[in-house]
Amino acid sequence: MKKVLSFYIQGWQWAFGNWRLVLLLFAINYLFSAFATKPLIQSIQSQLGDSKMLENIYDGFDFTLISDLYRAAPDTLGIYFSFAIWLLPIYGIWMIFSNTGTAFKASQQSNDNTLKSFWSGGSQYFFRISRLTCYYLLLLIAMLFILAKLGFDSGTNILMLENEDIIIQKTYRLAGVTIILIFLLKTAFDYCKLLIVKSGNTFIHQHILTATKAMVNSKLILLALVYLVSLIVVLVIFYCIKMHSDSTMLTTIVTTLLVLARIALRLAKVAGLELLVEESMKRAKK
Amino acid sequence: MFQIRSICIVLTLLATLNGSAQSKSVAQALSNYNIHVTLDTTNKKLYGQTSITWTNPSDDSIDEVYFHLYYNAFKNTESTFFSDDGDIPDFLSTQIDEVCGWGWSNIDKILDSDGNDLTNSIAYVQPDDQNTEDKSVVRCSLDSPIAPRSTIALTLEWTAKIPNTMPRTGYNKEFYFFAQWFPKLGVYEPAGMRGNTQGRWNCHQYHGSGEYYSDFSNYELTMEVPHDFIIASSGSLQNKTKQDSSTVWTFQADNVIDVTWAASPHFIKKTIQHNDIELNFYTYPYKEHVSERYFSTLRFCIDFLKEHLAPYPYPTLTIIDPPIHGLYTGGMEYPTLITSISFNFFPPGFRTPETLVTHEYIHQYFMQMVASHEVEEPWLDEGFTTYWEARILDSLFNENNSMICLGGVTIGNKEYNRSEFLNSPNPKIAAINTRANQFEFGGYGPIAYNKSAVMLQTLEGLIGQSTMDNIWKEYFTTWQFKHPHSQDFIDVVNTQVAKHLPDLYPEGMDWYFEQVLYGTNECDYAVASVDKVIESNKRGFFENLENCEIIDSIESEEKTFEVTLHRLGEIKLPIDIQVTFTDGHQESYQWDGRQRGHQFLVTSDQDIVSVTIDPDRKIYLDKNFINNSKVLSPNNNSLSSFSRAFTANIQHILESLNLIF
Ligand SMILES: [Zn+2]
Chain A
10 MKKVLSFYIQ
20 GWQWAFGNWR
30 LVLLLFAINY
40 LFSAFATKPL
50 IQSIQSQLGD
60 SKMLENIYDG
70 FDFTLISDLY
80 RAAPDTLGIY
90 FSFAIWLLPI
100 YGIWMIFSNT
110 GTAFKASQQS
120 NDNTLKSFWS
130 GGSQYFFRIS
140 RLTCYYLLLL
150 IAMLFILAKL
160 GFDSGTNILM
170 LENEDIIIQK
180 TYRLAGVTII
190 LIFLLKTAFD
200 YCKLLIVKSG
210 NTFIHQHILT
220 ATKAMVNSKL
230 ILLALVYLVS
240 LIVVLVIFYC
250 IKMHSDSTML
260 TTIVTTLLVL
270 ARIALRLAKV
280 AGLELLVEES
290 MKRAKK
Chain B
2 MFQIRSICIV
12 LTLLATLNGS
22 AQSKSVAQAL
32 SNYNIHVTLD
42 TTNKKLYGQT
52 SITWTNPSDD
62 SIDEVYFHLY
72 YNAFKNTEST
82 FFSDDGDIPD
92 FLSTQIDEVC
102 GWGWSNIDKI
112 LDSDGNDLTN
122 SIAYVQPDDQ
132 NTEDKSVVRC
142 SLDSPIAPRS
152 TIALTLEWTA
162 KIPNTMPRTG
172 YNKEFYFFAQ
182 WFPKLGVYEP
192 AGMRGNTQGR
202 WNCHQYHGSG
212 EYYSDFSNYE
222 LTMEVPHDFI
232 IASSGSLQNK
242 TKQDSSTVWT
252 FQADNVIDVT
262 WAASPHFIKK
272 TIQHNDIELN
282 FYTYPYKEHV
292 SERYFSTLRF
302 CIDFLKEHLA
312 PYPYPTLTII
322 DPPIHGLYTG
332 GMEYPTLITS
342 ISFNFFPPGF
352 RTPETLVTHE
362 YIHQYFMQMV
372 ASHEVEEPWL
382 DEGFTTYWEA
392 RILDSLFNEN
402 NSMICLGGVT
412 IGNKEYNRSE
422 FLNSPNPKIA
432 AINTRANQFE
442 FGGYGPIAYN
452 KSAVMLQTLE
462 GLIGQSTMDN
472 IWKEYFTTWQ
482 FKHPHSQDFI
492 DVVNTQVAKH
502 LPDLYPEGMD
512 WYFEQVLYGT
522 NECDYAVASV
532 DKVIESNKRG
542 FFENLENCEI
552 IDSIESEEKT
562 FEVTLHRLGE
572 IKLPIDIQVT
582 FTDGHQESYQ
592 WDGRQRGHQF
602 LVTSDQDIVS
612 VTIDPDRKIY
622 LDKNFINNSK
632 VLSPNNNSLS
642 SFSRAFTANI
652 QHILESLNLI
662 F
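Just so you know, the protein sequences line up as chains A and B, in that order.
Take the first sequence: its letter number 245 is residue 254 in this note's numbering, and every next letter is one higher.
Take the second sequence: its letter number 35 is residue 36 in this note's numbering, and every next letter is one higher.
Incorrect hints may appear among the rest.
Capping the alpha-carbon separation at 27 Å, the derived lysine-lysine pairs in DSS-like fashion look like this [stated by the list, open to error]:
#, chain 1, residue 1, chain 2, residue 2
1, B, LYS619, B, LYS307
2, A, LYS195, A, LYS222
3, A, LYS158, B, LYS619
4, A, LYS207, A, LYS228
5, B, LYS307, A, LYS179
6, B, LYS241, B, LYS429
Simulated from the structure, these hints should not be mistaken for laboratory data.
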């Protein structure tokens with residue numbers, strides 16, 4: 010556990026040291042979000058135009074406004090979603106690239122705080138990691154399918170149920186198991202990315218096997234759990250602040266900080282894992 | 002929240018103090034039912050003996066009686082109940098054939114007071130359609146006619162096969178719910194009642210949509226059930242005795258139009274007393290915690306309606322929250338017994354239990370005490386109930402969160418009604434006063450419930466809440482226990498409007514009901530434009546016919562604006578207009594709303610900030626509130642804040658996608 014905590018702390022140190030990368034990732038994330046928001050805002054503006062109701066749009070949830078807006082422009086949401094769906098694959102490509110670059114930069118173990126190795130690593134390993142991502146997605150879909158099947162094995166007819174608390178408990182248990190499994194799987198996925206960028210091999214199957222075996226490594230499991238807990242803590246703290254603030258400005262700042270914290274946490278996780286990979290590789294050589 | 006509750010407590014105290022002065026009225030029961038029924042849980046059957054005395058309320062001599070056999074609607078797929086509505090809801094039908102869950106009702110023997118056997122004189126009839134497969138109504142010819150105002154006694158032996166999970170009734174696992182379960186007399190309407198020119202039996206078949214219509218009776222109910230079963234029933238428990246193989250429960254319910262009961266070995270019961278009423282709540286142990294939500298809502302409802310209509314006159318009110326496998330019985334009203342439904346997986350911000358129990362309690366006034374015809378004029382019950390549901394819940398909670406209040410998402414009951422009506426697939430599909438079984442192309446819920454409520458809400462906006470309250474009081478006190486029809490309500494509206502608002506509406510309110518109750522048109526008013534009038538120079542020939550002149554306009558401190566309004570819908574209603582100026586002061590204008598458009602000039606030393614049609618949202622029927630106002634220089638601060646917040650949320654969603662990349 011001591012070792013795992015040391016990896017965790019060093020991971021955060023690395024993330025703070027690479028603040029330029031954190032800011033870059035934040036900026037791109039913001040650009041995508043702003044781009045995705047624009048058509049919706051334009052549509053709202055064209056519908057509400059010079060109506061007094063435009064002034065109410067941010068004054069909390071106004072069901073009547075949403076309902077009238079929906080009737081006035083029933084296609085708004087459809088158009089918006091089709092736009093968002095089209096944006097999604099582009100964002101996916103960027104995510105693969107940026108995660109690859111981050112892994113490569115972390116594998117260099119240098120605190121130079123420049124973005125050179127991020128760009129070069131991202132482009133060098135992009136296709137290998139893309140292939141890996143496809144495998145990971147397939148595995149994730151299979152896992153979710155099996156969990157859903159387990160969850161609804163009694164069918165969906167609620168008239169067959171004796172007591173609804175059964176579904177509630179089952180849903181809670183299933184949600185807990187799903188989150189932990191996804192987090193563990195994702196940690197192994199990141200572990201595999203590090204193995205690939207460190208070795209430089211074109212063939213990735215050997216690394217997939219090593220990463221799969223690492224899923225039973227207690228340090229990897231602990232590290233995954235520590236990061237999961239960190240994410241939950243970050244989300245809870247920020248949610249509480251957000252809920253209790255009345256100022257728009259404060260809410261916006263808090264939300265922005267939360268995105269930054271999540272990006273930093275993502276980087277810290279990769280750096281922490283890198284130390285684990287390094288340690289395992291050393292042990293293997295011995 | 003705290004403030005609202007404090008006000009409620011004060012109101013409650015005042016109402017309680019006032020209550021002693023209000024008397025509880027009772028109906029003139031036309032019949033007495035003495036029903037003895039045995040529940041056979043092995044064969045899923047009811048064996049019943051009923052003694053009925055019935056008094057002819059008319060000056061006619063009557064030689065036949067009609068009974069509803071509602072359980073025959075569940076006899077097979079060919080009944081009017083199922084052929085009307087297409088098919089059985091999917092969730093009900095999955096096990097119906099497996100367990101042979103169909104049901105039926107049969108009169109095995111019928112005798113008159115002289116001991117004449119009338120069994121062979123009964124025949125199934127179909128007063129609504131030609132569907133001879135439908136056996137939900139039976140006619141019995143009498144040996145000797147019933148003279149005007151005299152009383153007949155009949156004795157029936159009957160059997161019913163209990164259906165499995167049919168709409169509103171039946172059994173599932175160990176839970177039994179008996180609604181419309183015994184042979185029940187139709188209503189004999191004397192000439193003059195509900196607009197009839199001559200006396201007639203009113204006894205409709207059981208349809209897929211629409212509910213019931215019955216007369217006031219006194220019921221003595223005796224049920225024999227297995228020892229471990231607990232019964233929740235209409236009326237008050239009189240007696241409970243153990244016999245060798247069963248326990249016998251006796252209930253009495255007087256001056257009610259129906260009786261309903263439920264039985265289960267797993268029921269738990271909680272009782273409180275409010276005013277003089279015993280509130281009995283039955284549910285399964287895992288839902289016990291919901292009881293306080295029901296009780297606190299009902300306390301508020303009881304006091305609210307006591308103040309606005311009349312005190313609840315019965316000694317008991319039974320509330321049943323069925324188990325999840327009894328879901329098909331939840332959210333229904335019966336005299337002195339209501340069913341709700343709550344789900345443990347819904348967070349408390351979903352005010353489903355509060356909404357349902359309020360709705361079903363209000364029905365005690367319109368379905369039960371006023372007892373209008375729920376098949377022929379469903380709006381008189383469901384529409385009124387939905388209107389009052391919004392009034393009560395919007396006062397109990399908050400106008401914008403009385404239905405849902407969950408993590409920043411809020412929906413009010415009144416606004417939900419408007420949205421259900423206007424966002425329905427076709428808000429013009431039928432008029433409000435359509436019969437329940439004649440909504441051929443759908444729309445029963447959005448029109449009979451929601452549009453009716455919005456219509457009443459708009460009426461309240463037009464005539465003011467105090468006149469509206471007078472209407473409700475007079476309607477209720479005049480028509481309770483008398484089965485009114487739509488015109489009776491309109492007459493009360495006209496009387497009260499003539500009394501309180503003779504100058505505002507000298508012609509009464511028929512024009513309103515013609516458009517909204519009997520019509521399907523839409524209502525939409527809009528501010529089309531607000532333009533500053535620029536005085537231009539006068540040019541041309543004036544005094545001098547030889548030379549052209551240019552006369553400069555007179556410089557003025559005052560500014561003039563031309564406001565143009567449009568009527569986009571067909572419905573014509575008088576509307577208020579509010580003009581707001583830069584210094585914050587406001588001026589009001591009126592328009593009768595009849596023409597397609599309307600223009601007026603506004604002169605002031607201030608600039609106009611905005612023009613708003615119907616600023617108090619009195620015209621709740623208006624289908625688009627967005628075009629009801631125009632701001633001259635729109636302030637985009639709110640949109641910018643919304644945009645920033647929305648972008649931040651998208652940022653989080655994108656960051657979360659990292660889990661799959
Ligand atoms: Zn209802």
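Structure-based check of each hint:
1. B:LYS619 / B:LYS307: holds, 26 Å
2. A:LYS195 / A:LYS222: With a Cα-Cα distance of about 14 Å, the restraint between LYS195 (chain A) and LYS222 (chain A) holds, given a limit of 27 Å.
3. A:LYS158 / B:LYS619: Given pair LYS158 (chain A), LYS619 (chain B) is violated - Cα atoms ~52 Å apart, limit 27 Å.
4. A:LYS207 / A:LYS228: Answer holds: LYS207 (chain A) to LYS228 (chain A) is near 20 Å, not above 27 Å.
5. B:LYS307 / A:LYS179: violated, 45 Å
6. B:LYS241 / B:LYS429: violated, 53 Å
Comparing the model with each numbered hint stated earlier shows that hints 3, 5 and 6 do not hold.
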